[in-house]
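Residues per chain, in single letters:
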Amino acid sequence: MSQNISKNLKITPLHDIHKELGARLVPFAGWEMPIQFNGVMAEHICVREKVGLFDVSHMGEIEIEGKDAKRFLQFLLSNDIDKMSNGSILYTLMCNENGGVVDDLLVHRFLKNHYFLCVNASNSDKDYEWIVKHAASFDISTKNTSAETSQLALQGPEAKNVLQPLCDFSLNELSYYNFKKGKVDGVECIISRTGYTGEDGFELYLRPKKVSQVFRSLMRQGEPYGIQPIGLGARDTLRLEMGYALYGNEIDNQLNPLDAGLGWVIKFDKGEFVGRESLLKQKEQGLRRKLVGIKLLTRGIPRSHYRVLKDGEHVGEITSGTFSPVLNIGVGMCYVSIEYSHLGTRLDVEIRNYFVPAEVVELPVVPSHVKK
Amino acid sequence: MEIPNDLLYSIEHEWVRLKDNRATVGITDFAQGQLGDIVFVELPDEGTELTKENAFGVVESVKTVSDIYAPVSGTVVAVNKDLESQPELVNSDPYGKGWMVEIEFSNSNPEQNLLDPDQYAEQCKNQE
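Line by line, the protein sequences are chains V and U.
Using my numbering, the first residue of the first sequence is number -12, and each one after it goes up by one.
Using my numbering, the first residue of the second sequence is number 3, and each one after it goes up by one.
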């Protein structure tokens, strides 16, 4: 990580390679990142049908170690840390006292007393401050390792075929939501079977000095499979088709994560955790609205904050929306009142000064291929 | 980046092909490159009155929504219906199959405030 001083934006070690590959670079969460290379649609389809390589080095990493590490994370995070074993990964929320979300993240367990978190780029510093604040009464050490960690994501049906020849252990041993330390192209990496696309794939965590080498090796190895570098534009359209939440859109520090359908990572029975009381109260009161998938029935593209109506009445707002390259129609997510959340419910999306008919659909809107 | 010599250009990156009292309008190669994959184009109906420099339509890429501005005033006499099912024509052939509307213009001096190819090329260079 270094500074692009002229624009006051951070850049990843792959910045020069991005430019070499013809990336369109844009500011994102304080970084200058590639939004696209070949084109969002082509990159999206490439990940669904072949394999794509993402630079996600802007994401944050935080290490927690010490006698109280498990107890601390159990208190800090919504999911049940007790269920983890060495090498396992959990998707979880980190909530505030009001039950809003500070961040959604992945927690990785090295050992019972040693973990690392992968957090959103936009929340990296905020999350670390939050963790330090809550760590005061626990016997642990915390370290923000973001600056010394680069990250790549290799995603698509051919991901395993591309990575295996470069990897020093059999990827058949690495199941979904698990990780292992190994070598890729001779470089030490943490390799996890995770991703934000809905395809089989891997995320690699490695030293910044080595990420260019590994990136180029993967691109070379992936050539016969049609590998492409993938930008943040396609990263967004891919996760949207899956119905994955994006912090700032579907969840934030005010919105109730239960409404977002994230109750499955909130384990009330595990004991006390930050936000438990507020969330339990909201759960007991019953949900009044729900995050649903939306598919437009005619031409148009739903976008964040567009209003959603039922019989002329404002019943919700789009949280995220785009054009689905797979379905060739506008798709999105929105919060609506519970009574309109059933599959097939007809709604209207207000796009500029007209109303486009839409219907509530299941998420994901295209099949997921993760190897559960 | 293509800037055909037989066209005129607006500062908002539209191109104009003038013939008799008709103007065919679209967006330039520079504009389509900036926008990325175009997935939706919204155009007015035939018969709509357009005022020079006012927005008359919208072009959407995956990430952005952009207004299209009328380079001349007049009445819409033809609309490229192909863009409904194939908005990507604007990317692949912005000056040909990606044309957007044909306007029958009302003012006698339609070239006013339009740029010639060299002036437009200069503007694009400054914007990059």
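To be clear, the hints were calculated from the coordinates, so they are not data collected in a lab.
By construction, the Cβ of each residue, glycine as well, lies at the ideal position given by its N, Cα and C atoms.
Mixed in with the good hints there might be a few duds.
[To be verified] Every beta carbon over 10 Å from chain U, so not counted as near; a handful from chain V, in silico:
hint : residue
1    : Ser75
2    : Gly169
3    : Glu259
[Stated by the list, open to error] Derived DSBU-like pairs (lysine-lysine); straight-line CA-CA distance at most 30 Å:
hint : chain 1 : residue 1 : chain 2 : residue 2
4    : V       : Lys282    : U       : Lys83
5    : U       : Lys65     : V       : Lys297
6    : V       : Lys(-6)   : U       : Lys54
List of violated hint numbers, smallest to largest: 6
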